[in-house]
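Student: Chains as they are written, first to last, in the numbering used here: chain A, 1 to 192; chain B, 193 to 601.
Fair warning: there could be bad hints in the mix.
If the Cβ cut is set under 10 Å, some of the chain B residues that face chain A in the computed set are [said to hold, decoys possible]:
id, residue
1, Lys-303
2, Val-449
3, Leu-473
The calculated EDC-like cross-link candidates involving lysine to aspartate or glutamate, where the alpha carbons are at most 20 Å apart (straight line), are [to be verified]:
id, chain 1, residue 1, chain 2, residue 2
4, B, Lys-431, A, Glu-160
5, A, Lys-17, B, Asp-334
6, B, Lys-347, B, Asp-334
7, A, Lys-174, B, Glu-450
8, B, Lys-347, A, Glu-121
9, B, Lys-239, B, Glu-227
10, A, Lys-105, A, Asp-43
11, B, Lys-338, A, Glu-121
FYI, nobody ran anything at the bench for these hints, they're computed from the structure.
Virtual Cβ for every residue (Gly too), placed ideally from N, Cα, C.
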Amino acid sequence: MIDSSYRTAEIFDILSKGQFICSNAIDSQRRHLYEYVEENFEDLEPKFREIGYQLEDGNNYYYFSRPNESNQNVENKIEKALRWLDILAFFTSYRKDLCRGARFKLFDILNQIDINLALKEQLTDLQKRSTSGKNYQEMLNDLIKEMQKEGFVDLENEMEQTWKILDSWDYMEKMVMAVNIQDGENQSNELD
Amino acid sequence: MAKFDKIETLFAELYKYRNLFSALFDKRMFSIQEEMVLPLVDHDTEKLERLAAFDLLFRNQGQISLDSRLQEFFEEFLEVDETVHVLYIQENLNQIKKNQSYYLKENQANKRDQYLVKIKKHLRGINQITLQNVKTLRSNTDETYKTETNFEIKKEKLTDVRNQRDALEGVIKAVERVLQDDLFFKTAADAELQLIIHRLRRTLNDSIHNLIEIQQQIIEYLNLIEKRVQVVEKVLRLKMLRDKHYLKEQTNFYRMVETNRDLPLKKSEGFRTRLSIQDLLNEEEKQKLILKVRNKLKNQKLLEQNIAGEISDEAFSSQEKIEDTINLHALKRIFMGKNQDLFSFVMNHQFPKEISTSQRIRLYCRLASLFEAEFVFTDETDKFGNLEYALIYPVLTSKQAATQSSQNL
């Protein structure tokens, strides 16, 4: 009993910070936590719902939503979502088959940046805020660290700087896939 | 071209250089420089030449590789073949049909037996090749999906694997049909032939099952790729719209994000909790903590007192200024030599720098008070604007008085 309430608190701690609990996390503690949530979803979900948090079951990852919250900072959210789109576009431009479970190396991306001007521009755009006096390696490193902080990637091998894309990556992709684009036809109809 | 006339000599040759052949086989994927294998032939290039002359090796511009027949032979026997040979089965099937036809037309018993031996050999061949092919196909499927990093090539390779699979299935079905429908095999009297047919049928049956599974696997992989293609296209499309500032107009991106209530999208919220007063009173550990914090606070104040304020940035910039001052003594000396009242002198004197009227008036007052003893203050006054001022003259020295009185005279 002590163990389970301790776990619940730990889960709440992570998820309430806007983080994910992924099945393919590098940290084995986190993986165990995922298994725990998976096994006890039925018990946990109503507990969190009672205090206003909805435990959401993504595809091999969990996160919180706040269904009843009204005054949210819309501007911040849009800014963040736009940034995710930019980041996704950057990684997609680097390699088209990057998705959950994939690994990438910092230096491989750097090599690509060297020969791919579009990639270089995207990186500079992404790190515009703090680009002063930084080289591409530092910029890229900062970007990946940012992704790590948000829980989308994690460092697998420090010596080789190999990063692993976690299951939560799917969250960003799902968001993008949910967007409807009006195609030219619809648009002309609307104009009529 | 040199030729081996006996199997023994061929094998003797292969055995003699077994280390070389094995090394070349291990590295069959790469091009190998001749120098790398020289130690294996006692640094004797003539030996390499000899092997090449017998067509066991292939040499080209300092590079060396196994003869393709040898390589295939090794691959087949070690079951490490990486290509799927659909045509081999077809070829065997054709041979069987041909020999079967000869067999049926031949009347001499011993010749018929020869044809039968050939048929059996080809049937066994089909058995082996089929198994090998299915295995290869399976590993190719997985390997392509998992190791190929180039997205376009991956898709193409998988489609290729699918075509190979379809072809293989076609050939296997053809063999099955022959075994099933052909009267020759149905009514085979030879016990060995029956056994071979039985085994082959089982192999073919297994293979078909395996192929079905492989097909599902390939379809799944292709679907995954298709999904990725969709994601990639969507991401790049949206990015393009964003860069052109169409995102708000042409998509529901903003509206979607606005209604999103997920925590990962928000800035994380912190929680403030209060300490339990009951705990603070009762728990020894917490009381120690209070004392610790108290001490810390005391130290902080002391430290604060000791610290000098920050040196302002201004202190570091130089504050040199040039101030113009007027040498009052020099001015007085000039005035003493003039036969003019002080006010008019000050107002009209040419200073190196232009001086405002109010400054001139101030100067007049300063001179008057500073050198009071040396000036003569008359009772007469004059007006300058709305100011009234006393007429002040220099005290005449005896010499000056003399000249002045003489002038008056």
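Student: Which hint numbers does the structure go against, in order from smallest to largest?
Tutor: Numbers 1, 3, 4, 5, 8, 10, 11 - these are the hints that the structure violates, sorted from lowest upward.
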